[in-house]
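Dock chain B against the given chain A, drawing on the hints supplied.
So the sequence lines, in the order shown, correspond to chains A and B.
Per this note's numbering, the first sequence runs over residues 1 to 297.
Per this note's numbering, the second sequence runs over residues 1 to 108.
These are calculated hints, taken from the structure and not from any lab test.
Heads up, some of the hints might be wrong.
Calculated lysine to any residue pairs in the SDA-like style (CA-CA distance at most 25 Å, straight line) [unchecked claim]: (1) B:34 <-> B:70; (2) A:114 <-> B:55; (3) B:92 <-> A:194; (4) A:31 <-> B:61; (5) A:253 <-> A:240; (6) A:27 <-> B:63; (7) B:65 <-> A:120; (8) B:34 <-> B:61; (9) B:55 <-> A:17; (10) B:34 <-> B:10; (11) B:86 <-> A:30; (12) A:112 <-> B:35; (13) A:24 <-> B:54; (14) B:11 <-> B:34; (15) A:31 <-> B:51; (16) A:3 <-> B:86; (17) B:86 <-> A:210; (18) A:20 <-> A:8; (19) A:112 <-> B:55; (20) A:213 <-> A:8; (21) A:112 <-> B:82; (22) B:86 <-> A:16; (23) A:20 <-> B:82; (24) A:112 <-> B:56; (25) B:74 <-> B:7; (26) B:92 <-> B:62; (27) B:92 <-> A:117; (28) A:20 <-> B:54; (29) A:24 <-> B:36; (30) B:74 <-> A:17; (31) A:213 <-> A:39; (32) B:86 <-> A:19; (33) B:86 <-> A:208; (34) A:112 <-> B:22; (35) A:114 <-> B:79; (36) B:74 <-> B:33.
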Amino acid sequence: MNKKRLQVQSHTHEALVDLKLSWKLYKSNFKPFLSAQIISVIIFLLFQPQPWDLWNVVIVFNGGDSLPYNPVWLSIIASIRSLIGIIVYSVFFGCSFGLSYDIMSSGNLFTKFKSLFHYFRRYWWQYILLFFLLNFGPLVYGGIISSILWHPIIEPETLPYHVFSYATINITLCIFNLFWMTLFIQIYPSLTAQGGIKQAFSENWRLLSLNWKRIFISLLFFFLIFTVPWVFIDIINYYILLLIIPHYSVLWKYWSYTLYFAETIITFFLELPILTLITTRIYNSLTYVASEVDEKK
Amino acid sequence: MRKSNSLSPEKFNAILLPEIKISDPEVVSVLFHKKKQAILKLLMRGEKNIMDLKKELKMNPGTIKRHLDDLRVKELVAEPRIVINKYGIKEKYYHATAKRFIVHVEWP
Chain A
1 MNKKRLQVQS HTHEALVDLK LSWKLYKSNF KPFLSAQIIS VIIFLLFQPQ
51 PWDLWNVVIV FNGGDSLPYN PVWLSIIASI RSLIGIIVYS VFFGCSFGLS
101 YDIMSSGNLF TKFKSLFHYF RRYWWQYILL FFLLNFGPLV YGGIISSILW
151 HPIIEPETLP YHVFSYATIN ITLCIFNLFW MTLFIQIYPS LTAQGGIKQA
201 FSENWRLLSL NWKRIFISLL FFFLIFTVPW VFIDIINYYI LLLIIPHYSV
251 LWKYWSYTLY FAETIITFFL ELPILTLITT RIYNSLTYVA SEVDEKK
Chain B
1 MRKSNSLSPE KFNAILLPEI KISDPEVVSV LFHKKKQAIL KLLMRGEKNI
51 MDLKKELKMN PGTIKRHLDD LRVKELVAEP RIVINKYGIK EKYYHATAKR
101 FIVHVEWP
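Next up, chain A with everything else stripped away, as it sits in the complex:
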């Protein structure tokens, strides 16, 4: 019992060190991380449907209600375009793990913007694969739980149920995400260290089987600081806006947009870079022995 408690205490201490150290290293290397995120977000947005897209212009010139050609094809094209945006973003997200590797594992304690392109060229398809793997579970779970709990029509008598289902979907999705991430996140730093996707997968399982508590507790702290507050803010926001302010009023719209914008900014420019640093630090602390290495590079 005592041994278990000591183990948890030690993991908790390590998790706190993960957070502090990642924040410190992010502050001293924020430029390459921010550049990576800014580029990826811009590319991602460019691939999303735009107001100046040809079909939107055609709709405006056509009186705003009909198109001279088949809109099914347009939605297919829009979906493909969005997918390309996500794919490009996924590669840049993976590259951030490369930058973290530069800082924590290359021995030089810093990274530079140029490294981004090195990792982009070297691991682009592996990063795409991992990104889809990392999001596949939560996407499927989110789809299933929403189809079970979500009711599309909002009526006064069903409002409490809507708030309840919204909260349940978001909270359980967050918990599911935590578990899913624990299972797969160590593949990223392992990929940079091992150089191959197969080796990265097998190392991930090895690390996970021996140290799942260490990985889980660190990610739990990360989630408690960066994800959980947003989940609750969203739920409270939904509750207030749905029950107090009339749905789809102008105020509702602007407030929700502002909140969504703030959440997006924090997620892309703070949360995700810190996640890559925390993950790399977990990987290092599990794979390296804290002692001098005789081999010289």
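Below, chain B alone, put in the same frame as chain A:
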């Protein structure tokens, strides 16, 4: 945190050669580069990593790395000693190859 990982002065003195004579003009040109000299001077006094050098020289770490690579190629700086600190971060510690460099160039 970093200071504790660098070598003690006694150990450091023991690994440095007393002097190295340089007669290759290419090495001389590297040695007489101002910024490289500043880096080398610090590395003759003690082991340092790039962040230590950055603090003291107020230079970009990327530039320091480039100069260090040049100095290593010309064997003015030794191969770095790799240390993994208590936080699980790899650190490379650099030091000069000698306490003194004597330049001997004849031309033509």
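- prompt: Quick one, are residue 86 (chain B) and residue 16 (chain A) close enough, alpha carbons at most 25 Å?
  reply: 14 Å, holds
- prompt: Do the alpha carbons of residue 86 (chain B) and residue 30 (chain A) lie within 25 Å of each other, as the hint requires?
  reply: Roughly 23 Å separates the two Cα atoms, so the pair holds.
query: Taken at face value, is the distance from the CA of residue 208 (chain A) to the CA of residue 86 (chain B) at most 25 Å?
result: Roughly 22 Å between the alpha carbons, so the hint for residue 86 (chain B) and residue 208 (chain A) holds.
- prompt: Are residue 112 (chain A) and residue 56 (chain B) close enough, with their CA atoms no more than 25 Å apart?
  reply: 20 Å, holds
message: Please verify whether residue 114 (chain A) and residue 55 (chain B) have alpha carbons no more than 25 Å apart.
response: Answer holds: residue 114 (chain A) to residue 55 (chain B) is near 22 Å, not above 25 Å.
message: Holds or violated: residue 112 (chain A) and residue 22 (chain B), Cα atoms, limit 25 Å.
response: 34 Å, violated
message: Need the status of pair residue 86 (chain B), residue 19 (chain A): alpha-carbon distance at most 25 Å?
response: Holds. Residue 86 (chain B) to residue 19 (chain A) sits at ~15 Å (cutoff 25 Å).
- prompt: Within 25 Å, alpha carbon to alpha carbon, are residue 213 (chain A) and residue 8 (chain A)?
  reply: 8 Å, holds
- prompt: Between residue 34 (chain B) and residue 10 (chain B), is the straight-line Cα distance small enough, at 25 Å or below?
  reply: With Cα atoms ~28 Å apart, residue 34 (chain B) and residue 10 (chain B) exceed 25 Å; violated.
25 Å limit on alpha-carbon distance, applied to hinted pair residue 31 (chain A) and residue 51 (chain B): 16 Å, holds
- request: Take the C-alpha atoms of residue 92 (chain B) and residue 194 (chain A), compute the straight-line distance between them, and say whether it is at most 25 Å.
  value: 20 Å, holds
message: With the threshold set at 25 Å, check whether the alpha-carbon distance from residue 253 (chain A) to residue 240 (chain A) stays at or below it.
response: Roughly 13 Å separates the two Cα atoms, so the pair holds.
When the structure is compared with the earlier hints, violations turn up for hints 10, 14, 29, 30, 31 and 34 and for no others.
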